[in-house]
Amino acid sequence: MTETRERSKEVQIWFGPQHPGITGNMSVQTWLDGDTLTRGITHVGYLHRAFEKLMERRLYIQSFPIVCRICVPEPDTNEWLLASALEELSGLDREVPEKARWIRTLVLEMSRLGAMLMVLGGHAGSMGLGPAPQWMIALRDLVLDRFEELTGGRVYHMYIVYGGVRRDLPEGFAERMEQTLKTIESKLPLIDDVIFGSAVFRKRAMGVGVVPREWAFEMGISGPVIRAMGIPKDVRKDEPYEKYAELDFDVVTEEGSDIFARAMVRRREIQQSIDLIRQILARMPKEGPYCAELPNMLEWTIPVGQTYVRAESSRGEMGYYVVTDGSKKLRRVHVRGPSYVHGVSLLERLIPGTNIADLAPLMVSLQVCPPEIER
Amino acid sequence: MEFNSIQEVLDFAVRQEQKAGRFYGLMAEKSTDVVARKFFREMVGEERKHEAKLKAIKSGKLSGFSGQGTPQMNLTEVLGEPVFREDITLQEGLIIAMRAEKDAYEMYEGLKAFARDEELKKILEGLAAEELEHKARMESIYDQVVQREN
Amino acid sequence: MDDKIVKPEPPLGGPPQGSRPHAPVGDGCFLGEEMKPQAPSYKEALARIKNWFRANSLWVMAYGTGCGAIELRPLATARFDMERLGIAMRPTPRQSNVLIVSGYLAVKSLKRVIRSYEQMPSPKWIVALGSCTINGGMYWDSYNTINRLDLYLPVDVYINGCMPRPEALVAGFQELMRRIKKGEADGWRHYMENLDWYKENQKKIITDWDLPEYNW
Amino acid sequence: MSLKHVLQPFNAWVQAFSKPYTIPMKDTMRPGADRYRGWHINDVEKCVGCGTCADICQNAAIDMVPVKDPVKGDSGLRPKIDYGRCCWCALCVDVCTTGSLGMSNEYTWVEKDPEKCRYTPGVDAKPWDGSEKGWRQEEGFSLIVKDRVPMPMLDPKERIKTWAEVVVGYSVEEARKEAARCVSCGLCVAACPAHMHIPDYIGAIRDGDFEKALDFIYDNNPMPEMCGKVCTRRCEGVCSVGIQGEPLAIRWLKRFATEQFEDFAKVLHPEVKRVGEGKKVAVVGGGPSGVTVAYYLAVRGFEVTIYEALPQLGGATFFGIPKYRFPMPSLEKQVDLLKKAGVKIVTDHRVEKDEFRRLLEENDALFFGTGLMKPYKLGVPGEDLEGVIYALDLLRDHHVGKKVEVGESVVVVGGGNVAIDASRVSRRLGAEVTIAYRRRREDMPADDEEIEDAEAEGIELVTQSIPLRVEKLENGKLDFIWGPAEMVPPDRPGGRPKPKLIEGVENHLQVDRVIVAIGQKGEFEWMPEEVAEKVVTSRGWVEVDETGMTQWPGIFAGGDLVNSTADAISAIADGLKAVEGIQQFTLEGLSVSKS
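Residue numbers (this note's numbering), protein chains in the order written: chain A, 2 to 376; chain B, 806 to 955; chain C, 10 to 225; chain D, 16 to 610.
For reference, chain A alone in the conformation it holds in the complex (with noise of 0.2 Å):
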């Protein structure tokens, strides 16, 4: 085997930046021998802008609309990661009104589902199943609109903020929540069809892509990756924060470690959201404060201090160390993101021997989000 791979010539073939198939602005360098690739190198770097060092000359309140642009398709997360974190380390914590954290919880789900949506387009996408994208980004869409409603913006939110959120539910939120929920279910068995009842998805997903079980604390996968291994790990269970203590969900696993095995969690978690989007919207308290009383945001000052949070993400497991000095501006700030795990080191191991065909299906079962690699 190795005195044929010798012989061959191999070709070198850039993968992205400008490909339909790849996740995001991140290019992949590969090489093939036949149509199997023997290595590849990703190139990040593309959307680098700096979020980190930016945050380092911005007061605490000018860094909050900073965050969520960390990652695209879920900003909430980093809006939340941030929030709590400062409000560690400020005593604010102790202020969050209890409807701010069912609130916060709400969106941090709903951000989770829409995400959810988008990748599980993303998988039937990247193998050429037309319809399933077209509906699942239909869907996903549904739920900006309720986030349009909710938090004022489509995309990015900048919703939570220290010390609860920006605006109260609106009026009727919750009846026309039900309302998508509803529809989002009526679809999903439809799309079992097309996508986990489809002979080709079957076939070029089972069995491609296996992430050794070995890897899995070795390298920190987290996320729908380590639950597909059947590692029941989540940092809604392991450490939960906000109300998800209070929640009741069982975490998603999966035997297999494929890419199905990867679909069918995110599948799974689709119903998992929906469910738990019901339970919050019932129980949260109607009435009370939906923020604390915050200090004069233009003076805010915190005490010297560090910390980490984290949170689940859609894709795996967010965090972010943050350092106060005292003054109005934070000194450093690192944001772990299961992308980088993911999209760089992981996939980076995967590659040999994956047939190029397969790779763009990899990287969207991966969930690889650039932007939030390189920040």
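Some clues are possibly wrong.
[To be verified] Footprint (simulated), chain D over chain B, 3 or more residues, beta carbon under 8 Å:
#1 832 to 846
#2 877 to 887
#3 895 to 906
#4 944 to 953
Hints in this document: simulated from the structure, not taken from any laboratory.
Computed from a predicted structure; not experimentally measured.
We put the CB at the ideal spot given by N, CA and C, even for glycine.
Given chain A, put chains B, C and D in place with the hints provided.
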């Protein structure tokens, strides 16, 4: 007193203004308080201006009077009746001035009853309104300067 | 920590106005087409027809350069369905004539965008989305992004907002079509005419310049 | 893998019969949600141009551009928004102090020229102006703190029994908390006659650097402790935080800063050049304007002597302001600094005509700020009766230690701070007090807080009451007769409405004293005739040019005699003006151009 023509009325009014001017001039000479002195001197100038205005009307350079419907504060009616002394103050001077304007107004109002034709009546009315306006102005100054905190 | 990084930006003031009179409206620039002298009336009618066709089949290169790309997905799929406007996503620059710059461009991306743009056949248009392409947006003081796109590439239509919704994108495309039909969308020609100016700007910001020369 | 998996995907065809997802073309411009964040709108009338939006904008998308002339409390600037920067975060809307800024739910804007993507909302007409929907401020969410840290005060029942200071003062924590509310808009600096560096010293207090705060304060106010206690605080009237909430307690913060130090001389570091060595200046009148001139000239090296008729410097702040508002030690602290700065102080010395002439010859310049020391009379019959007294005399006698009696009941005529001070002093002397004021309560020139305090102390307020006459009754009391008034509009816009007597009604009030506090005037008997003739106006004021100089070259004036507002901070502002004028006059020998 009876007037036969508008010219006569205006002549009379001019004489009145001249009289008032002389009166203020006298007071300005006599008073020892620097502020009151300056005020009376200002009043002399004021009366000269009125005189000039009347003369302009008489020669047809100006038509009609201003000062219709000035809002009145009726301060004059409330305040006492100071008399001239050498150490008269600005406050008393103002009261004297507003009283003088009021007297002039009442005089023209009274003369109106004797006016024979409408033209004359109108002129007298105008003169009265003019004096009323002067009175209101005096009251305004009193209000602003003396009763600053009242 | 208040160090502001000074970006190597060319002087503001926008690209130069067209230095020489433009070719007649909508004059043929299809790849390989020869410019033959034609009678004006016939030529004009033909130009109008050509522009009409061009406007109604905009092929967009599928290159999501920045965050605005996320709103292209709803636009391309069922809900907003841009194919009813004759807009379609194409995988490669050689098949497309509209380049969407969806937001901020890191310097590394700019290089790829320039290269992709130059690979596209004329006539070609650039639609720029969002604040970042206009004046830097929220990354105005970042050391790694450009602030104003039209210093490096000719922009035909700016769609304001951060980020513009699919509806705004529809409006932007309709405006682009209108401009194409009227023969006003001639950024590509401007690029061709002021290539030196654009190249100079591009080289100022792209320090590891290894792009091939633009050949028509 | 089975046949099932080959056929199952064809279930997708059932979608062919369902309602399409696609939004019909005609609806593609559907409106944004009710609270969508789209293009900005601004109510320019409500906006005061505080610039808080520009401060909070992390994208530097907001520039404050002049759109009209600045007036009090309105910088004349309005936010101009650059959509090449804006990220629609709406922090500017949430922080807006007036609530004027909002965002419409319009979101479509296509442009060819990137230079055109900016506008001043509310000024440049846009299709979305007047949009009803969109992101607006909401109750329950604010990025600034609207409520003031409450100032501890003595209980009204307790304080009428004592001369102790009513206001207790902030603790360090309270002061820093209050100072942290400031948004540094600077509208206060423009409103303050002396243009004190308010945001700077508040910032220093917030950071806990009280010495720095005092340095900022002393930069243009040599009597800060007085101002910290009794200032008319026009700054707070325009404070942008106060538009929707309570204004910053600027006065209390200044008071706090000064109270931190026993000896100002030890902590101050005035950075000025001693340019005036060898020049002599005489200051007649030791009120706030005179003290200002003396202090700032002295630190610049001038040789300054103050002549004061009363036993203590301070002018109206010494003899006029009761000690429960401004205690003696505070005044002495400030006078002490004056002495340390090298000012010669001559108290209990009234400058008369000849001496004035001599001073004029001996000095390079002369400043007088003798204030309004004489009361205006009531002007009604009976005003000369025994028992009709003047508030100024009452306060002065009280402060220099003479025994004053007011009997059991008094009526105070007037509505200014003097009237309120006289009432509250009378109250503490044990009398039942009624204040008779000709206009409405909202027209009262006195400080609102003072009026409230007075009412809390049991002082009755009778507004729209015109004094008619005073009569002596057989039981020895006075009968104060007044008539009700109706209000007529002012003769010029912005003026005070005028009270007009409703004739035929007479009200009686039996009192022991009638205290007159309707107004004060300056006196010029001490001044040489030739000088008085030149500098005094026909209304009893002194006219000065923009350098503080009177018509007589070399003579400068300031204080209540000069300005129309008659408060301490304006006097200090006059003093500051005169300091520059005197320096210019004495050093450059310029006869400053007359306006």
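Status of each hint after checking the structure:
{"no.": "1", "hint": "832 to 846", "result": "holds (count 5)"}
{"no.": "2", "hint": "877 to 887", "result": "holds (count 7)"}
{"no.": "3", "hint": "895 to 906", "result": "holds (count 3)"}
{"no.": "4", "hint": "944 to 953", "result": "holds (count 7)"}
Against the hints set out earlier in the document, no violation occurs for any number.
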